[in-house]
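Both chains come to you apart, so use the hints to assemble them.
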Amino acid sequence: MEPTPDHTPDTAPQPQPAAPAAPDTLGLGQRTDLSQLAGTTDAVRREVGRVLVGQHDLMELLLVALLADGHVLLEGVPGVAKTLTAKLLARTLAVPFSRIQFTPDLMPSDVLGTSVYVPARGSFEFRQGPIFSNIVLIDEINRAPAKTQSALFEVMEERHVTYDGVTHQLEAPFLVLATQNPIEQEGTYRLPEAQLDRFLFKVLVPYPTQEEEVLILQGHHSGPGGLPLEDVKPVLAAQQLAQLRAQVQKQHVEPRLFEYVAKLVGLTRTHKSLYLGASPRASIALLNGAKALAALRGRDFVTPEDVQHLAPPVLRHRIQLTPERELEGLGPDDIVRQLIQQVEVPR
Amino acid sequence: MPLLRFRFSGRRTAGGLLALLLLAAAPLPASAQKARPKTTQRAPAVLPPGPAPAAVRRFSAAELQRLRADDDLQYRQDPPPDNPVLRWFQQLLRRIFRVVFSPESGIYWKILFYALAVGALVLVVLQLLGLKPGEWLRGRGRRVPVPYALEADDVHEETLPDRLRAAEEAGQWRLATRLGYLLVLKQLTDRALIDWQPQKTNHHYDAELRQRGPALAPAFGALTWQFEYVWYGEFALSREQYAQVQAERRAFLTTLTTRNHAA
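Line by line, the protein sequences give chains L and W.
Quick note on the numbering used here: the first sequence kicks off at 1 and runs consecutively.
Quick note on the numbering used here: the second sequence kicks off at 1 and runs consecutively.
One chain only, chain W, in its complex shape (with noise of 0.2 angstroms):
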């Protein structure tokens, strides 16, 4: 036998067998005694009878039919659309989300998409608050187009110099002036010394000839008050003062031809 051949040395062989002895002779924990498992009964002698024979149960044909037809119960999928469009959408939605969320995919796919939703929200949720996305991109101090509804004494219109001949030779003066005051304003709009537009004031052309022609300023303040005068404050003028009124806008005129007025 292999044991044999351990050399025995006295005084320990007998200590280890002692403690072997002890700790079988000492009693178990009872949660080791528990553990333990049962000594087997005996079976007995005599087998009692087997149970008898199961009944076959059978789903009752009515009540299978009117679950299979109960709507609650449907979870069958929906085919794939037969719209060979919505099939590409669906199929196109199916491999973004593959590339974007498979394991393999970078980091930057997840950013962009997650980018791309936020943005689609944020316009989402502008237009429901009626932010139109693209006014407002483009600054809250933007302009409404002006629709004009130019009248006929558009300073531009190239009847202006016929119309003045025929009021003057019917002594409208009043209308005289006013339309030389307008040929005055063509004559400094087409020397680019004044931006015409329907809006303004006979006092906004005035702060504009006082940067670009201030030469000029003065005798363009005169015309105007003349022109305010008698258009606006109704006067009725005679042949003389409107005589004055018209040496005053030729010599104007003559001016403005024959000098250069930049500032």
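Chain L extracted, bound-state conformation (with noise of 0.2 angstroms):
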């Protein structure tokens, strides 16, 4: 199945992926090798889909965050492979998993980690949380209260934990993925605002199409035992996903189109529709997005196309509506894209 842009202006007709293999009748070549690139994560598309039927979208935006070290928050009603999907991810790469259940209950020590007193030495240790691997799924984040989830914002953002006054640095790569149910389901606490900025992406699962429910009923029904998780083969080392990350550090942008990101994201700040807009973390990240998308798609490059297309993901946590608006039945993504046409692209 053909990946397609989950969200795009409202303009008709639609555009198309960007092609990563234009010809290049030019002999231009490319200046910067990213077939290592193209075949990892191609690798890791490919691992994910001996289970993962469909959701292209979701692994193309969860493939993105990867490589721009962003943490990603997959919302879905039940049922939709956010968790699987989470975990999938998490195997193809051959570093530590950890999983946390999140529920009213929780506390920060049962996520950071707390001290122990040991007799034998006769002072305190520090026993690390799950949190510290390198992967973290969070499952159902919305569960627990404030609390603790405002327990995430010192480890989400700069990596370490501090507890009883000493630093304790997490090793990269550190990727949080989280999945939520909509808030509107029942015993579900809203994420805080500064929580959901340390989200590079809000990925919105949608349910599969009914092609895809065959295939998902196909492989249910051939196979017993369920999903063959185990399967799933670690193809991406720490190091290697550490060396893609520095390429796409260097791609090149267009310095218009610096200003182009920053129009887009200040417009949230002064949209009448919004009474809270994305911070200059937010500029970073669809910048840092775009970057890591330019990538995926086998340029080096950034073009408006890559900022238009992660605009809705980066932004749609980020912001938030007047009351008026939402009693209108607006939501993130209408305002994400009304800000999209507002702004020229540079060119």
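Label pairs and their calculated CB-CB ranges:
| hint | chain 1 | residue 1 | chain 2 | residue 2 | range |
| --- | --- | --- | --- | --- | --- |
| 1 | L | Gln36 | W | Leu253 | 37 to 43 angstroms |
| 2 | L | Glu171 | W | Thr159 | 56 to 62 angstroms |
| 3 | L | Arg190 | W | Ser102 | 57 to 63 angstroms |
| 4 | L | Lys263 | W | Arg165 | 30 to 36 angstroms |
Don't read these hints as lab results, they were simulated from the structure.
Values in this document were obtained by computation on a predicted structure and should not be read as measured data.
Even glycine gets a Cβ: it sits at the ideal position worked out from N, Cα and C.
Okay, structure coming up:
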């Protein structure tokens, strides 16, 4: 199934995704060798695709987040493979993985760790919590109250935990994949804005198409033991990922694209339908994401198309609509689409 | 006597008289006895002396003045307004209410009146909720007017060919590649093969061209790639490379002007 942009301006017809293999009639070649990146990400997709049916846009955004060193919040109704996707991605990386199920009675020390008295030494010793891992799957993050969620502020942004005045550094890579059900679901809490801002993307996980659902059913029908999750092999090592990230960091960005990103994000702060706009962290996220997306699509430079494609997942959880607009039935994606239509593409 | 004219018939008449006598002799029930008017007492022979003449009491002038001045006791209605417009409006309202609620008026007037009143109430509630009724009625998916600030390189700019020539003469190959691509977009727009909008990306145009002029799409895709690689990719191309770009662009424009590309 061809990947298609999930969020694009509502101008018809919709554009096709940028073709990475455009005819190079000039013999320009590639200034940057992106073959390793392409090969590795293809391998990750292939491994995940052995189990997961469809969800190509979701996989693309997860790979972008992986390359851009950003955390991802997956939102969707129960049963659309949010947790499965996160587990599969974690399995393709040859790094430690931990999973935390957030519950209403979870305490910050259950996540970060705690000091334990060691009688032999006569002193306290810090016991690391499950957050000390490379890939952390936080399942149903909005089931825990704000107190526990705010324990993640420091670790998500600064990659370290301060406990009893001592800072404990986390090893790179550190990626949080959090899942949540829509907040309308019973027994959930709204995440604090400060925490939402720490997620690079908020990805909406849709229902599968009918064809995909048929494939899912066929897979379950033939395999009595369920999905062969253990068959998924790690194909990306931590060192390799660090190299790919360094490559992404060097992507070319035309100066007017900086202005384009700044204008787009800046408009959220003055838009009359919003009472909370996006922070400069959102601009940085949009730029880093666009660089990773361009690399994933075989380019060593960013285009406005990349920025527009990533604007909804970067901005939708960082902006808040006024109550009047919410009453009218508008959502964050509607506003982001309006913003995209208000900013001229640099050309 | 007229009674004497009746013919008495023996036993029947005697029985009736006996019944009447028995009824008259029977004691009355208590309630009937209470209801019976008492016999009037005989008046005394000498009348008692009459009451003393009533003393005439008068209101205190000071108290009256105080009560008249008390605001709480002012029940006087305001006279009709002096303003002729207000007076006319008041009379209009009276007339409307008289017409609507008079017994002679039909049910339709009442329905119309209540419908208008409910409509006005709904408008007020919407206004209070901040749901501007006009926008609300137009629908939710309305668009915010887009305040474009077109920059100097608008694709419709008439000086585009001149600027392209100047860039080529100055050896600014990267700039010339960009202006050449804008020229291509202008030609496509003039032929209604794409809809130029400032917020659209090149790939929006690519998608439009695939629908309206599919034969041109591959060549346009190649030009787009060249432009993006050179401009967004900040590629400093050589004279020879630009010559190739220029040749492809000219070939595309020639094809565009000589053929009918309608799908």
